[in-house]
Each structure stands twice: as structure tokens, then as C-alpha cells.
Amino acid sequence: MAEWLHPALLLMLGALPLGVLQGRSRQVWQLALPLLVLLLVVALPDGARVTLHFAGVELTPLRADGLSLVFAYIFALILFIGNIFALQVDDGAQHVAATLYAASGLGAVLAGDLITLYVFWEIMMISSVWLIWRRRRQSAYDAGFRYLIIHALGGMLLLAGIIAYWLHTGSLAFEPLQGGGPAFWLILVAFLINAAAPPLHAWLPDAYPEATVTGTVFLSAFTTKTAVYVLARGFPGTELLVWLGVLMTLYGVTYAFLVNDIRRLLAYHIVSQVGYMVAGVGLGSALAISGTAAHAFTHILYKALLLMGAGAVLQMTGRSRLTELGGLYRSMPITFLLYMVGGLSISAFPLFSGFVSKTMIIEAAAVEGRAVVFLLMTLAGVGTFMSTTLKLPWYTFMGRDAGLRPPEAPLNMRVAMGIAALLCFVIGILPGWLYAILPYPVDYNAYTASHLIKEMELLLFTGLAFFLLLGVLGGKDKLSLDLDWFYRVPGRQAVLALRNWIVTADGTVRGAFMRVFRQAEDATTHLRLSGWPLRSWPTGSMALWTAIVLATLLVFGLGR
Amino acid sequence: MKAVNATARVLDVLVQRARLLRWIMIGLMGLVVLIDILKPSHYSRFPWDGIPGFTAVYAFLGALALIGLYKAIGYGLVYRPSDYYTKRDGQAPEARDEESADG
Chain A
1 MAEWLHPALL LMLGALPLGV LQGRSRQVWQ LALPLLVLLL VVALPDGARV TLHFAGVELT
61 PLRADGLSLV FAYIFALILF IGNIFALQVD DGAQHVAATL YAASGLGAVL AGDLITLYVF
121 WEIMMISSVW LIWRRRRQSA YDAGFRYLII HALGGMLLLA GIIAYWLHTG SLAFEPLQGG
181 GPAFWLILVA FLINAAAPPL HAWLPDAYPE ATVTGTVFLS AFTTKTAVYV LARGFPGTEL
241 LVWLGVLMTL YGVTYAFLVN DIRRLLAYHI VSQVGYMVAG VGLGSALAIS GTAAHAFTHI
301 LYKALLLMGA GAVLQMTGRS RLTELGGLYR SMPITFLLYM VGGLSISAFP LFSGFVSKTM
361 IIEAAAVEGR AVVFLLMTLA GVGTFMSTTL KLPWYTFMGR DAGLRPPEAP LNMRVAMGIA
421 ALLCFVIGIL PGWLYAILPY PVDYNAYTAS HLIKEMELLL FTGLAFFLLL GVLGGKDKLS
481 LDLDWFYRVP GRQAVLALRN WIVTADGTVR GAFMRVFRQA EDATTHLRLS GWPLRSWPTG
541 SMALWTAIVL ATLLVFGLGR
Chain B
1001 MKAVNATARV LDVLVQRARL LRWIMIGLMG LVVLIDILKP SHYSRFPWDG IPGFTAVYAF
1061 LGALALIGLY KAIGYGLVYR PSDYYTKRDG QAPEARDEES ADG
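Read top to bottom, the protein sequences are chains A and B.
Counted the way our numbering counts, the first sequence spans residues 1 to 560.
Counted the way our numbering counts, the second sequence spans residues 1001 to 1103.
It is worth saying that the hints were derived from the structure and are not from the lab.
All C-beta atoms, glycine included, are put in the ideal place defined by N, C-alpha and C.
Don't take every hint at face value.
DSSO-like mimics (lysine-lysine), calculated; alpha carbons at most 30 Å apart, straight line [what the hints assert, rightly or not]: (1) B:Lys-1087 x B:Lys-1071; (2) A:Lys-476 x B:Lys-1071; (3) A:Lys-478 x B:Lys-1087; (4) A:Lys-478 x B:Lys-1071; (5) B:Lys-1087 x A:Lys-476.
Among chain A residues calculated to face chain B with C-beta under 8 Å, some are [stated by the list, open to error]: (6) Val-253; (7) Gly-326; (8) Gly-327; (9) Tyr-329; (10) Val-382; (11) Met-386; (12) Asn-445; (13) Phe-461; (14) Gly-474; (15) Lys-476; (16) Asp-477; (17) Lys-478; (18) Leu-481.
Derived list of chain A stretches under chain B, where covered just means 3 residues or more per stretch with a C-beta under 8 Å from a C-beta of chain B [said to hold, decoys possible]: (19) 34 to 45; (20) 235 to 243.
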């Protein structure tokens, strides 16, 4: 029965009442709906498949297997946690958008064919942009538009790729794509846009920090992780992805140091963490793919926790810049401690969730003897610990007292953060149940003496460097240009120049046409008044013209 | 509210013991490196697997390198005034939301 009630469809229909329900009934439905969907997803048997024939093509709107189910579980779970966090938000549009967004993410990971995937892919874009726009200020509106344009471009590439794939293979099934060819590259680039891989990543740190406090939590979960899933499904073992992933891990941590806004700092860490997953997909071994799925699962939880912590600070103080924050641990101690659980998880601190998942991907690189990949990913771990777990909390909750004395975050926000933190901790100490739901059976133990010693050395000595250089590491009240500069400055200028050129050219052509038209009008008037066409014609002239016409007909063979 | 205040008090006590915490951390660092030296390495996949304390040195130098890298990129290339885009878009910054361009 579970196969025939598509969880994404149920979630989409369930989203509609959120637009009209008010008060307590809206809150109850907001919690009941994700739980219902979670139950439905858990009830999906491994191997469940629904196929239907539509307009001459075979569609597979539902395919549940090891890989898709991990993502489906965590998507349903994070919607529940995010909805607890958003319970006090009195904005129906945001709740509908968040639920539709989660539904389309769920639909995309359960899609067994490319058409279904494409449809959910586009709904994901259209629903998620409202989480940015509902911040209701100019900068959010602008950032949302840039987000929409980039994703619309990605969607177009995906559609073109799907058409090319269909023409080439005659199939629409979503299976691993074979190397080369336009379909391969178009679909890969479309997926990489959503995975926020440089140079196509700038939409993420541009738009996510502009979203609403609760919207960013949902945004961090679905778009990039759907992209990780489709990459793992379509492009496992693609060598390019190993290096792109490694670049992402380092690009993210480097930029995270540069920015001043705490939610933008965390957004750059999404790029960095997704980098581990992209590299894992590129490595392609069973351990790497399982590590990728495990890391996506833990990442969604701890990143949501971190963004909930940063969001709670923004909500309670109205500020989100490192240079304007400090000393909040006295007023928001619970938020601080729960944030730290997220921080220790993302840094792969033993006993926390990141340790059991991130090390799987690094281990997969080590098993294959990829020394450079191993070292660079380890280096990115150093940067992650330094900026997410040391710098951000130090300059927000400790350090210089900015004199802010806000009340602690509301109870529902603390409960949401508490559940996410508890899960981060439980996964960290009992990784067995996470390993049990991975796509491939894994024989991996994170808690070996060597792993523990190396990880503790890594974190403690990173901490040493941080505290030695504490004086120079604070946020700077500056904007750090990223690659979005290319479309925000020269791109914008080019579009404006093109517009001006079209306006000028249009004016010139219209003017020239009207001038010629008027001249012709004048000429005919002049001709009519002169009486020249009505004068008497000599007979010889008429005979000559008739002869010319007949000769022409003869030459072109028209007289036959 | 009770839990919030109690947690704040515990944190305050810890902050007052910052010096003690620092020594505990330094002790822990020494201990971890000591264990690494005494315990033979379990792996021999990479040339550095047998070097005791390699990860500690790598992390410390790596952290310094990352800090140097970001400072160089920031001051050399990408830092701009925080109203860079709002000014460029041809609108007076005060006409927009005050917090619009965060670094």
C-alpha cells in the first residue's frame, strides 16, 4: 500500500492547508504532517517501485532503494525538526513553501526516471525562493532573483541534457550515465550548479544568508543534498568530481574565514562539507558512496543545528555580524551549548556525528592510496574546526562583550535544536544504526585507537594555532567579493549596455523607416499632382514595352 | 528560565577558570602526542604514517597556512567596503535596509 501513496504527493497536498490554517491547528498540522510522511517513508520497502505509462513513455515516479531511502529518511526528519523551529512563525506562505520544497526534494530522491526528477527539480527551485523572499526586504528580493536566475539556467541545462540523453539512448531511466557526450556534460553541470561546486557556487552564500531565520534551515538541507544524491546516482566514480570536491572543501573553508555574517560563514561551510560528499561520489567505491550518504545524513542534522543556533542569535538580537556580536553566553547559554554540539559534529570531534561519517570518506581516499586528496581533505577539516567551532562561537558567544542582553531563544527553537543535537550525539556514539541504513554494507569502525589519536591531535593543535592568533582572527566589517561579482557587476553592466544598444538601435531603425516612408509618401503625392502618369503615351512606346514583356516570358520559358 | 540561569552560572564558573582549562588543554595535547609516540602506528598506507605526531604538526602548520591564505586573499583581492554592491546598484544605501550587505 505504501508504494501507491507517494510520500512526496502526500506532502504536497498536505502543504496546502498550511496556507489557511491559523494558530494552534496550523502548528498541530505542521508537526503531524512530517511525522506522517516519515512513517510512510520508513514503511517503504527496499526495492519498492512504481511505474506508469504516460504519453508513450515509461515513468517511474517512485524507486526506493538503499541510496534513495537514506536521503528520504533524513528529508522527512529534518522537515519535522525545522517545523518545530518554525512553529512561532506566523506566515502561511513560508510554511507552504517549506513543505512544498521538502516534498519536491523527497520526490527528486525517490524519482526513478529523468522526467519525474526534472519536474521535482523545478518545483524545488520555485518553492524554495519564497523562503528567501519572505524575509521581505530589498536585499533578500535581489538575492532571491539571482538565485532564481542561476537555478533556472541549471534547470534548462538539465532539460536539454535529458532530451539529449533520450535521443541518444531512447531511455529515460535514471541510471549511472556513461562518460562523454553532450547529455553527460549537460546533466553533470546542472547537478553541479545545485551542489554549489565552484565556479557555479556563488548563488548559495549569496542567497542563503538573506533568507528568513527559519527558511535558511530548510534551504541548507534539501537543494545541495538532492544534488549529492543525483550525483551519487548518476556519476559515481567520475574522477573530475574527486578534485572538484577537494577544491570545494578548501574553497568553502577559506571564504568562511573572510566573511563577517555568521549565517554566510555557515553557508560557505555547506560548500565545504558538500565538497567531501562530491569527492566521495568521485572516489566511487562502496565505502566512499556509503560514506557520502552517511555524511549527507549527519550533515543535514548538524548544519541545521548550526543554522538554527545562528538564526536564534539573529532572531533575538537582530544582528548577524561577528563585529557586532560577542559575550552572548550569559543571555543565551542553551543556544550556545547546543550550537557547540553542532560545531563539534561538523568538525568530526569523536563522540559526535561528523566523526563517524566524514572519516569514512577520508578513509575511502586513504584505502585507495590517494595521498594528496587525503592531505587536502584533512586540511579542510582544520579550517572547519577553526571557523565553525572556534571562531564563530568565540566572537558571538564569548570574547568581547557587545553589551547585548537578549532573552534566550523561545522554547520551540530550543526544543528543535535540542532534538538535532541529541541526534548528532546519538549517531556519534552509536553509529551502528546509521551504518545499517547505508546503500552498501560497510565494514568500517571509526573508533580505532589510530583514528582517535589522529583526530584529537588534529583538533587540539588546530585549537592551539587559533588561540595563539586569536587577536587577528576577528570578523572584518568588509564585504568579500566572490564569483557572483561577475554577474553582479560586469554581467549587469553588459545587460544594461545591451539594453541601451537595443533601445538605440530600435529608435534608429524606426526613425530610418519612417523617414523613407515619408519620402515615398511625398514622392507619390508629388507624382499624382504632376499628372505625369496620366499623360498621353505614344503607340510606339506601348509596342516596345509589350515586345519586352513577351521576350522576357520567352527567355524564362513561361510562354510554353 | 531556571535552566537558562543555571546553565549561564555554570558557564560563568568555567570562564572564571579559564587559566585552569588552558592548562588542561595543554596537558591533553601533550598526552595525545605522547600516546602517538609510544603506540606503534596501525597504518602504513602513506609515507608519514610512521612519523609520531605528524598530524599534530600538520594541523598546526595547516592552520597557520590557511590563516595566511585567507588574509592574503582578503587584503590582496576580495575585501571591499560593506556597502560595495548597494552603492553600485545606484541606490542610496540608506534607502535600502540597513543590514543589507553583510560581509
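Hints breached by this structure: Hint check: 7, 8, 12, 14, 19 and 20 fail, others pass.
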